[in-house]
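Listed below, chain by chain, are the residues.
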Amino acid sequence: MTAPLDVSGSAAEARPESVLAGAGKAIQGRSLTRIAWMRLRRDKVALGGGIVVVLLILVAVFSSPIIAVLGHPPLEFHQDQIDQSTLLPKGVFGGMSGEYLLGVEPVNGRDIFSRIVAGAWVSLLIGFLATLVSVAIGTTLGVIAGYFGGWVDQLIGRLMDVFLAFPLLIFAIALAGVIPDKAFGLEGNGLRIAMLIFIIGFFSWPSIGRIVRGQTLSLREREFVDAAKSLGARHGYILFREVLPNLLAPILVYATLLIPTNILFEAALSFLGVGINPPTPTWGGMLSEAVRFYTLPHFVLFPGLAIFITVLAFNLFGDGLRDAFDPRAH
Amino acid sequence: MVTYIIRRLIGAIAMLIVISMVTFGIFYVVPQWAGATPEALASRYVGRAATPETVHLVAERLGFYDPVVVQYGRFLKGIFVGAEYDYGAGVEQCPAPCFGYSFISGQPVWPDLVDRMPVTFSLALGAALIWVVAGVSVGVISALRRGSLFDRISMGTALAGVSLPIFFTGMISLVVFSYGLGWTPPGGAWTDFTVNPAQWAYNLLLPWITLAFLFAAGYARLTRAGMLETMGEDYIRTARAKGLRENRVVVKHGLRAALTPILTLFGIDFGLLIGGAVLTETTYTLPGLGQYSILAIRNQDLPQVMGVTLVAAGFVVVASLIVDLLYAVVDPRVRLS
Amino acid sequence: MRRKHALAGAATAALALVLSACGGGGGGTPQQPAQSASGGAAQPAFDAALTQVFNPSTKKGGTLKAAHSADWDSLDPGDTYYGYSFNFGRYYWRTLTTYKTGPGPDGNTVVPDLAEGLGEPSADGKTWTYKLRSGLKFEDGSPITAKDVAYAVARSYDKKRFPHGPSYLNELLDWPKDFKSVYDTPDVEYKSAVEATDDTTVVFHLKKPFASMDYIVQMPMTAPVPQAKDTAEKYKEKVVSSGPYKFETNEIGKRFALVRNDQWDAATDPNRPALPDRIEVQLNVNADDLDNQLISGSVQLDIPGTGMQPAALGKVLPDPALKARTDNPTIPRLWYVSVIPDTKPLDNIDCRKAVMWAADRVANQTAFGGPLAGGDIATNVMPPPIVGQEKFDLYTTPENKGDVAKAKEALAACGQPNGFATTMTFRADRPREKALAESMQQALDRVGIKLTLKGFPGSSYFSDYAGNVNYVKQNGVGLATHGWGSDWPDGYGFMQAIVDSRTIRDAGNYNLSVKNPEVDKLIDQASAELDAAARAKLWVDVDKKVMEDASILPVVWAKSLLMRGQGVTNLAYNEGQSMYDYMLLGVQ
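From first to last, the protein sequence lines stand for chains P, R and W.
Note that the first sequence ends on residue 330 in our numbering; no numbers are left out.
Note that the second sequence ends on residue 1337 in our numbering; no numbers are left out.
Note that the third sequence ends on residue 2588 in our numbering; no numbers are left out.
One thing to keep in mind: the hints can contain errors.
[As the list claims (entries may be wrong)] Just a few of them, taken from the derived set where beta-carbon distance is under 7 Å, the chain P residues facing chain W:
no. : residue
1   : Gln79
2   : Pro278
3   : Pro279
4   : Arg292
[What the hints assert, rightly or not] In silico lysine to aspartate or glutamate, EDC-like type, Cα no more than 16 Å apart, as pairs:
no. : chain 1 : residue 1 : chain 2 : residue 2
5   : W       : Lys2234   : R       : Glu1084
6   : W       : Lys2207   : W       : Asp2071
7   : W       : Lys2180   : R       : Glu1084
[Claimed, not checked] Reference listing, derived: stretches of chain W covered by chain R, where coverage requires no fewer than 3 residues with Cβ under 8 Å from a Cβ of chain R:
no. : stretch
8   : 2167 to 2181
9   : 2285 to 2291
10  : 2364 to 2370
11  : 2544 to 2556
Just so you know, the hints here were simulated from the structure itself, not pulled from any lab data.
Virtual Cβ for every residue (Gly too), placed ideally from N, Cα, C.
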């Protein structure tokens, strides 16, 4: 919404990501990457975040063997662990024991540990793919707006404004509520996950679009682009060979920072009851169940911690990545 | 300046119309693609085991037999010129902006929205005050003492703050402080400021702090980054060289420049928040716009959904307009064109 | 949660010509409720208010603090259909008859309220006459006449403006063809349906003979409305009281307060002790918070009367002192799963039977809240509080946990020996239905029946999804969670709407799965049966036929766990209301 304003610099600078502005300055992408990597290696906190991220991905990928060794199938009922009249776990601390590492859910006695491990898969999948969607839309429109300028820029700028003014959560809830049961050759939870990825990705693109637009604007004026133009290169060539490669670093950094946001978005939708269909475990969905049993702290705590650790790890890593790519922050 | 504002306002209205069309489409058109008949739509809004005649009458009453374009036109007309509502024993004027009448309770939507605004506004205002003051001061101190223990701890906490979902922190805070220790009231507590200011603040304390914790983090990080950047600029060095006191340098020159991006972020955040802090209000069951929107969607009460969506979007638009105008005040380099 | 429901198309030869036994029971000799209490217990004990009045008192004064976790459908007597609304509304309205106040089986009978006695049917059962008491007044001091009752009935005919209320009288009475509404066609006489022949006589003219008119007129459509003060749709904002309390304030969707109506004369009203001076109601209170306040005493009455939330149950049940404050009645409500024969392969009865055999009833009961908060395991359709109900079990399995071998046999007979896949729907905003769906998925998985679970908003569940014929067909919905309650304590009142296939239309259905001509035939037979005992027997046959058809999988006969408020006197569970009798309550 700052487009019509002549603020010194691009609108993107007004955002925290603005520190990226310098990233494009390094003309030799490879050496920048090497410098960044050296910096990143020195940043222990970021590295720690990165390691946790890798661990989480491993957990998600190998969730089945992990559950097979340490837990019970995530959908399996264990009502022998439940007090029939109160519906709460019989054991202390929510039924935590060597058998059930993090206790069991009320009512049906499902293994919380297994459900959290299984939930990692959904969270990460949606976090990654939704980010991919936003990056694809945001980069395409951002580059087009920044490169061509004029009315194209105006139009895309307005579009971004409209998206930013949407009460996103309300819209996402409404959309998720009208998802059909079969479409695009998918059905059931497959379709549901695909739609969530699309909805979340679709609503998060303007932020990345703005960054890319700002970067493109400044790149457009650079010598090498002028040179290519004067040599008679076509737009497509300039965009793909000259502009895009220089955008990769900021896009990578920003995408890393968008993943945790999207994970939180998914958790919020699940929490509000418009996420994945049960009984597939999701962290947000577990939290929304836990609201009814708030007297059971462990039931609230573990899914919440899972979200927290994941999002924090991505944020730490993304932060480090940004610092590494941005010479001015150090 | 005036032409600029007028142009922006016209743009804002156009934007709201686009948003209203999209919302209308989602709720009125999509069900029809899915094969819903006017009667099927109407049978959401009748009592149990209603007869087909009842359903038919209600469908007629709610205008479901008209083409969608006509229904949308009626909606727009209500907003711009108002509407008339025949309640049986007479005709009621519903002045512009008339968002229509709830399909379920038959109550006009606009007064309901106005009624709930103070709740959301109180929530947003109190939280914003805390997070701006806390966030900016922590950010400044962190920047000035870069690398210190304070810097590391506060930035770590800030990062934790952005990484915590509000429905989690909210729930934990309720379990600990309200149900456990009994220091704060349980969810759902709301007293109007005009009735009892102390009670108002006491009831909102927990939501304020939880919400502020989430946002303060971002502001602290942003302030710190901005300060670090500006404090390295030449004019700061010049100011110091002139022999200005350090405090003055920091506040007058450093902070002022760092405030610009904060202002933008604040405009968007605050606008979105007063449009309905959906998750916070759901967690604490506060009767504000956010809770209203969730209820409206859950009940499929379409006029309520339309109303709350447009009001929420309207707040964002207005907030961003105000921010842009404030720029001109804060940053002399900005020209309104 | 709606308890009351319509006898859809109540026209019903059902009870035709039969002046049912219960219709006449208990009439004429209304008693002071406090006196009718047999003994009474001051010491709190579990179920203490089920069979007698708990903490009996005649002390007047004080404020009763009530709360509701949602909102009324409407406070207008012509536009409301919730059980709690019928119960609570009697504070500010009076109807021709009402359920007998107090505990015990008598609570199912009706006694006169505005009327002097029960209705007088004509010989052909098509005309019912009610005589009003004398000395009745509205809150403004104007007399309540038969005209006001007839007008109230006529205005409730307008389903365009009052879509929530029951349709009994629309269906039963002989409305003139050109009569649309008292507002749209003010000049059209409605004498052919309901008329005031003089100031104290209301006469109903029915299209067909109908036996249980006294039950119909206990509903709030007969609460008098003064035409001069009728504001149609806005009347709910300012209802003119005919009962012992009137509105002091009314903020729709938030709160309202009732204070004494000084024009109400206790001499005209043997049913209402009217003990508190003031009744305050908070609306849209967070449900968990409401429970906590009920426990602590800052709220004394949970208006919906459907039981406590799980978090509170975890607190109350293990604590003997708190548990002693609760009552655990069985209510006339069944939670169940519709097994829909339109969806392949469930069109084959053996596949439906496989579902019956495979279900784990204990797990289902737990999903629905366990034996106390949920209910008893249901083995057939009609719940125990229904008159003439018989318990039988066509699908007995070891320990009620399902019988995998029998289910597999049934699957083989159906030609799907390895099981099949289908979809099960539930209301996403009802955690118990979600838990039930998950439990069914686990149990059926044992025999290879794979369920895909789909949650939908409760507000459009019947209009757009499970109750929408097209949706069910196109999306292959095989199972659907469902619940049904009755305000009519007999077979017709409970069963007809959910098992008569002729009630099925395009959308908004409540009968999702029973499409069996033999069931329909039995319903007709039961409706034509004149003898009450034989009729009850026929309804049991209907029940058996439905269970043989395997199109309803019963889950629990609902019980609710109600908590008696702190400092509330005169508490008694009333069977007719299926919650505490609000009319009796007082405060210490």
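Comparing the hints with the structure gives:
1. Gln79: holds (6 Å)
2. Pro278: holds (6 Å)
3. Pro279: Holds: closest Cβ of chain W sits about 5 Å from Pro279(P), inside 7 Å.
4. Arg292: Holds, about 5 Å.
5. Lys2234(W) - Glu1084(R): holds (15 Å)
6. Lys2207(W) - Asp2071(W): violated (36 Å)
7. Lys2180(W) - Glu1084(R): Violated, at about 21 Å.
8. 2167 to 2181: holds (count 4)
9. 2285 to 2291: holds (count 4)
10. 2364 to 2370: Check failed, 0 qualifying residues.
11. 2544 to 2556: violated (count 0)
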